[in-house]
Amino acid sequence: MGLRAIADEIYQHQMTARELDKITLRYDGLTVDDAYAIQQLTIQKYTNQGDRLIGWKMGLTSKAKQQSVGVDEAIFGHLLESMELTNPEISLKGLIHPRVEPEIAFVFKHRLEGTRITPRDVWLATECVMPAVEVIDSRYKNFSFTLVDVIADNASSAKFYVADQAFSPYQFQLDKLGVVMCRNGEVAQTGAGAAVLGHPVRSIIEQVHMLSRIGKAIEPGMVVLTGGITEAIYIYDQDTISVEFEGMGDIELSVHA
Amino acid sequence: MVDTQIREFADRLYRAEKDLTVIPPLTDEVSDMAIDLAYEIQLLNVEKKRGQGDRVVGHKIGLTSKPMQAMLGVNEPDFGHLFASMHYQSGDVVDYPLIQPRVEPELAFVLQADLDGPQIGVQDVLQATRFVLPAVEIIDSRIADWKIKLADTIADNASSGCFVLSDTVTAVDQANLTTAGAILKINGEIVETGAGAAVIGNPARAVAWLANKLSSLGTTLKKGDIILSGAVSRAVNVRAGDRVSLSFGPLGRVEFTMQAN
Numbered sequence: 002m003g004l005r006a007i008a009d010e011i012y013q014h015q016m017t018a019r020e021l022d023k024i025t026l027r028y029d030g031l032t033v034d035d036a037y038a039i040q041q042l043t044i045q046k047y048t049n050q051g052d053r054l055i056g057w058k059m060g061l062t063s064k065a066k067q068q069s070v071g072v073d074e075a076i077f078g079h080l081l082e083s084m085e086l087t088n089p090e091i092s093l094k095g096l097i098h099p100r101v102e103p104e105i106a107f108v109f110k111h112r113l114e115g116t117r118i119t120p121r122d123v124w125l126a127t128e129c130v131m132p133a134v135e136v137i138d139s140r141y142k143n144f145s146f147t148l149v150d151v152i153a154d155n156a157s158s159a160k161f162y163v164a165d166q167a168f169s170p171y172q173f174q175l176d177k178l179g180v181v182m183c184r185n186g187e188v189a190q191t192g193a194g195a196a197v198l199g200h201p202v203r204s205i206i207e208q209v210h211m212l213s214r215i216g217k218a219i220e221p222g223m224v225v226l227t228g229g230i231t232e233a234i235y236i237y238d239q240d241t242i243s244v245e246f247e248g249m250g251d252i253e254l255s256v257h258a
Numbered sequence: 009m010v011d012t013q014i015r016e017f018a019d020r021l022y023r024a025e026k027d028l029t030v031i032p033p034l035t036d037e038v039s040d041m042a043i044d045l046a047y048e049i050q051l052l053n054v055e056k057k058r059g060q061g062d063r064v065v066g067h068k069i070g071l072t073s074k075p076m077q078a079m080l081g082v083n084e085p086d087f088g089h090l091f092a093s094m095h096y097q098s099g100d101v102v103d104y105p106l107i108q109p110r111v112e113p114e115l116a117f118v119l120q121a122d123l124d125g126p127q128i129g130v131q132d133v134l135q136a137t138r139f140v141l142p143a144v145e146i147i148d149s150r151i152a153d154w155k156i157k158l159a160d161t162i163a164d165n166a167s168s169g170c171f172v173l174s175d176t177v178t179a180v181d182q183a184n185l186t187t188a189g190a191i192l193k194i195n196g197e198i199v200e201t202g203a204g205a206a207v208i209g210n211p212a213r214a215v216a217w218l219a220n221k222l223s224s225l226g227t228t229l230k231k232g233d234i235i236l237s238g239a240v241s242r243a244v245n246v247r248a249g250d251r252v253s254l255s256f257g258p259l260g261r262v263e264f265t266m267q268a269n
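Protein chains in written order, with my numbering: chain A, 2 to 258; chain B, 9 to 269.
Some hints here could point you the wrong way.
Straight-line Cα separation of at most 20 Å, EDC-like style, residue types lysine to aspartate or glutamate; simulated pairs [to be verified]:
hint: 1; chain 1: A; residue 1: K64; chain 2: B; residue 2: D250
hint: 2; chain 1: B; residue 1: K26; chain 2: B; residue 2: E16
hint: 3; chain 1: B; residue 1: K221; chain 2: B; residue 2: D62
hint: 4; chain 1: A; residue 1: K160; chain 2: A; residue 2: D52
hint: 5; chain 1: B; residue 1: K26; chain 2: B; residue 2: D62
hint: 6; chain 1: A; residue 1: K64; chain 2: B; residue 2: D103
hint: 7; chain 1: B; residue 1: K193; chain 2: A; residue 2: E232
hint: 8; chain 1: A; residue 1: K94; chain 2: A; residue 2: D73
hint: 9; chain 1: B; residue 1: K157; chain 2: B; residue 2: D62
hint: 10; chain 1: A; residue 1: K46; chain 2: A; residue 2: D73
hint: 11; chain 1: A; residue 1: K66; chain 2: B; residue 2: E48
hint: 12; chain 1: A; residue 1: K110; chain 2: A; residue 2: D122
hint: 13; chain 1: B; residue 1: K74; chain 2: A; residue 2: D165
hint: 14; chain 1: B; residue 1: K230; chain 2: B; residue 2: D103
hint: 15; chain 1: A; residue 1: K160; chain 2: A; residue 2: D73
hint: 16; chain 1: A; residue 1: K217; chain 2: A; residue 2: E90
hint: 17; chain 1: B; residue 1: K221; chain 2: B; residue 2: E48
hint: 18; chain 1: B; residue 1: K74; chain 2: A; residue 2: D52
hint: 19; chain 1: B; residue 1: K193; chain 2: A; residue 2: E90
hint: 20; chain 1: B; residue 1: K74; chain 2: A; residue 2: E90
hint: 21; chain 1: B; residue 1: K74; chain 2: B; residue 2: E84
hint: 22; chain 1: A; residue 1: K94; chain 2: A; residue 2: D122
hint: 23; chain 1: A; residue 1: K94; chain 2: A; residue 2: D240
hint: 24; chain 1: B; residue 1: K26; chain 2: B; residue 2: D122
Bear in mind the hints are in silico, worked out from the structure with no lab data behind them. Quick caveat: nothing in here was measured; it's all calculated off a predicted structure.
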């Protein structure tokens, strides 16, 4: 089976922001392992062009989202340097039907690898936590996909923005942390950190365990987006998206064509 | 609608509540029922329960989120009456007679002064609030399959069932009303999370709305009143025997069990 050919196709659609039919409609028998192989082949195309891997992201971290694709496990994707927004501005260029979701980002000072990670391993390896907003954008028509499709498409990663202020990982109870996301001044979504697998630290543990299956790890200096605390909302030209994280300040993003 | 029909609708809702049965939507018969008449129906049953010795201890505010308002095609909240008989405390087994219950995490306000509309704003609410506390509202509908329109739910006491209050109270100046995070679990599993701002941007704004709405109907919020300010997440179905818990971060918790069949 031509995993490389599928990776080429997905890469082309990611680069040109064109919608794609689900690969599972066109290729029989693709497994989750195949999907991660396609994801890695796609990422290699970016890194061959000079892009750089700077971290990981978790997806399908809520029960509701797992049920919507009929699985009981989270997924992960690669974060590249080119995906990070250095200013709180989202350009719709290069995006198909983008949505945003509030997340907690972990930044690491030590390597984390293995299959038996505990919360205290995570805290010992963590330098800081930071509020973040992820822009997700499936390359599939109507944002509709199966588990294999979304993994192959780098877990719908597109862009992300991390706030200026970092916090000690011990300062907040991240599961209790309330989050309010507004679009143009009106409340669109609210949630609490526990929406992410019960506690965002659980997301890091899952991330490390899944990485160990492909012989990878969280490396020092990496950032990990732990998963959406609320449902994602669509964004449109001229929108202002503001997200307040209880006690951690807020992120305001402006959207333009 | 004539008086006899209003009375008849009130009786129908009252009997359904007593017999734990459901009735078709009132709006199936009177599709354009005015909101004022729906509140009149609600008040007839409030008076009836008062006459039987129950006591009004406050109000609940409903339809406080954009999605709920959009679903019913309205752009303001509604309200119902809370009775002493509906009040449970964290740790209780809830044995209130219910038909098709759902639970919602909320912030409750307890007043230390009257709030006399119609010019009440958020600052007035904050000044008049003795404390806030986490609450789980158990909503219920006497209308079959929850097929409610605005007038149906208003006539039906804003789909009230009963409510469970936390043992922890917090002075309003110590509470993050908008960013306080809520985690709702059923039988140990997280079913919803949310934050205070889900209630029309700020739960205190909903209380201000209620004070002003009541003043237009000739009444006021009184010192000591309990106000359930509105759901901070979607409502979730509960069944007999379910364990329900709400954590509202530093504001406290609510835990209870639905009585087993």
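Results of checking the hints against the structure:
1. K64/A x D250/B: Given pair K64/A, D250/B holds - Cα atoms ~19 Å apart, limit 20 Å.
2. K26/B x E16/B: holds, 15 Å
3. K221/B x D62/B: violated, 24 Å
4. K160/A x D52/A: Satisfied, since the Cα-Cα distance of roughly 14 Å is no more than 20 Å.
5. K26/B x D62/B: Holds, because 14 Å separates the two Cα atoms, which is no more than 20 Å.
6. K64/A x D103/B: violated, 30 Å
7. K193/B x E232/A: holds, 18 Å
8. K94/A x D73/A: violated, 34 Å
9. K157/B x D62/B: The given pair, whose Cα atoms are some 28 Å apart, is violated under the 20 Å limit.
10. K46/A x D73/A: violated, 30 Å
11. K66/A x E48/B: The given pair, whose Cα atoms are some 43 Å apart, is violated under the 20 Å limit.
12. K110/A x D122/A: holds, 12 Å
13. K74/B x D165/A: violated, 31 Å
14. K230/B x D103/B: Violated. K230/B to D103/B sits at ~28 Å, over the 20 Å cutoff.
15. K160/A x D73/A: violated, 26 Å
16. K217/A x E90/A: violated, 32 Å
17. K221/B x E48/B: holds, 14 Å
18. K74/B x D52/A: The given pair, whose Cα atoms are some 42 Å apart, is violated under the 20 Å limit.
19. K193/B x E90/A: violated, 36 Å
20. K74/B x E90/A: violated, 26 Å
21. K74/B x E84/B: holds, 9 Å
22. K94/A x D122/A: Violated - the C-alpha atoms of D122/A and K94/A are around 40 Å apart, more than 20 Å.
23. K94/A x D240/A: Given that 20 Å is the threshold and the Cα spacing comes to 15 Å, the pair holds.
24. K26/B x D122/B: Given pair K26/B, D122/B is violated - Cα atoms ~33 Å apart, limit 20 Å.
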